[in-house]
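Kindly generate the complete structure, drawing on both the sequences and the hints.
Residue-level listing of the chains:
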Amino acid sequence: DSGVTQTPKHLITATGQRVTLRCSPRSGDLSVYWYQQSLDQGLQFLIQYYNGEERAKGNILERFSAQQFPDLHSELNLSSLELGDSALYFCASSVVSSPHYTQYFGPGTRLTVL
Amino acid sequence: AQKITQTQPGMFVQEKEAVTLDCTYDTSDPSYGLFWYKQPSSGEMIFLIYQGSYDQQNATEGRYSLNFQKARKSANLVISASQLGDSAMYFCAMREGSATGNQFYFGTGTSLTVIP
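Residue numbers (the working numbering), protein chains in the order written: chain A, 1 to 114; chain B, 1 to 116.
By construction, these hints were calculated from the structure, which means they are not laboratory data.
For every residue, glycine included, the Cβ atom is placed at its ideal position computed from N, Cα and C.
Some hints could be false.
Negatives, chain A to chain B, calculated, CB over 12 Å [claimed, not checked]:
| hint | residue |
| --- | --- |
| 1 | Asp1 |
| 2 | Leu61 |
| 3 | Arg63 |
| 4 | Phe64 |
| 5 | Ser65 |
| 6 | Asp71 |
| 7 | Asn77 |
| 8 | Ser79 |
| 9 | Glu82 |
| 10 | Leu83 |
| 11 | Gly108 |
Stretch by stretch, here's where chain B covers chain A in the computed footprint (C-beta under 8 Å, at least three residues) [as the list claims (entries may be wrong)]:
| hint | segment |
| --- | --- |
| 12 | 38-45 |
| 13 | 51-60 |
Here it is in C-alpha cells:
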C-alpha cells in the first residue's frame, strides 16, 4: 500500500458527460501528480500541483482541469468526455524535499466512456 | 525524438537468473532523474529505483540495480536472482526540471516473464 488513495476505483459514464476523480496524497507529501494510462498513448503525465499551486503541465487537454485543495487532496475534472478518454488515471504524490523526488502512485481510477 | 526509449517489448528470464531491461533517454537538461517502475497485472505502479543525473554511483535497491551510463544516455535496470513475482511490466521514466516544477516522461514498457 503506497499510502495514496484514489476514488472511485471504477467509473463508467457516457460521452459528453463530466466526471471528477479524487486523490489523497501520502501524509506529508505536498506534491500531487496526475497521469493517464491508455493502450494507445501509454503513460502520460498530465499535471503537477505543489502545495495548492499548479507547477507543471504535461499533455493535459483543455477539457481537463485539476486543483489541489488546502488539505492537499486533489481532484481531476474531465468534461465533454469522449470515447478516447477511457483510460486508467493515476495520481501520485511525492515529498519534494526528498532528493529522490520519488513518486508513490495510487491504485488508479479506471474510467470507461461509453 | 522520444524522451524515453525501451526497445524490448517483451523479455523472458529463467527463475534465479539475472536480467537487464534496457532504457535510453534524451534530454538537454543537466539536472534530471531516472526512475524504474513495476506494474504487475493487478495494475498498481510500484517504484523500484531512482538515479539522479549528478549521482556518481549506480543506484541499488535490494535485487534491483540501475546501470547508469551518462555519456550513452542509458539507464538499464538489472534484476538479480529473478523471482516468479517479478513477472510484470517495467517502465523507465525520466524527470526533467526543478524540484517544484517537473516534467515526467515514461517509456512504453517492457513485459518481463519469469519462467520457473
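Going through the hints against the structure:
Here Asp1(A) does not stay apart from chain B, with its beta-carbon only about 9 Å from theirs, under the 12 Å limit. Against chain B, the non-interface label of Leu61(A) holds: every CB pair exceeds 12 Å, the least being about 17 Å. Remark: the non-interface label on Arg63(A) is consistent with the geometry, its nearest Cβ contact in chain B lying 21 Å away (cut-off 12 Å). For Phe64(A), the shortest C-beta to C-beta distance to chain B comes to about 16 Å, beyond the 12 Å cut-off, and the non-interface label holds.
The non-interface label for Ser65(A) is consistent with chain B: the shortest C-beta to C-beta separation is roughly 18 Å, beyond 12 Å. Listed as outside the interface, Asp71(A) is consistent with that label: its C-beta sits roughly 19 Å from the nearest C-beta of chain B, beyond the 12 Å cut-off. With a cut of 12 Å on Cβ distances, Asn77(A) stays outside the contact zone with chain B, its closest approach being about 21 Å. Once the 12 Å rule is applied to beta carbons, Ser79(A) is consistent with being away from chain B; the minimum gap is 24 Å.
Every CB of chain B lies more than 12 Å from the CB of Glu82(A), the least distance being 22 Å, so the non-interface label holds. In this structure Leu83(A) is separated from chain B by more than 12 Å, as the shortest Cβ-Cβ distance comes to about 21 Å. For Gly108(A), the shortest C-beta to C-beta distance to chain B comes to about 6 Å, within the 12 Å cut-off, and the non-interface label is violated. Coverage of a stretch by a chain is defined here by at least three residues with a beta carbon nearer than 8 Å to that chain's beta carbons; for the segment 38-45 of chain A and chain B the count is 4, and the condition holds.
Counting residues of the segment 51-60 of chain A whose CB falls under 8 Å from any CB of chain B gives 3; the rule of at least 3 is met.
When held up to the earlier numbered hints, the structure conflicts with 1 and 11 and fits the remainder.
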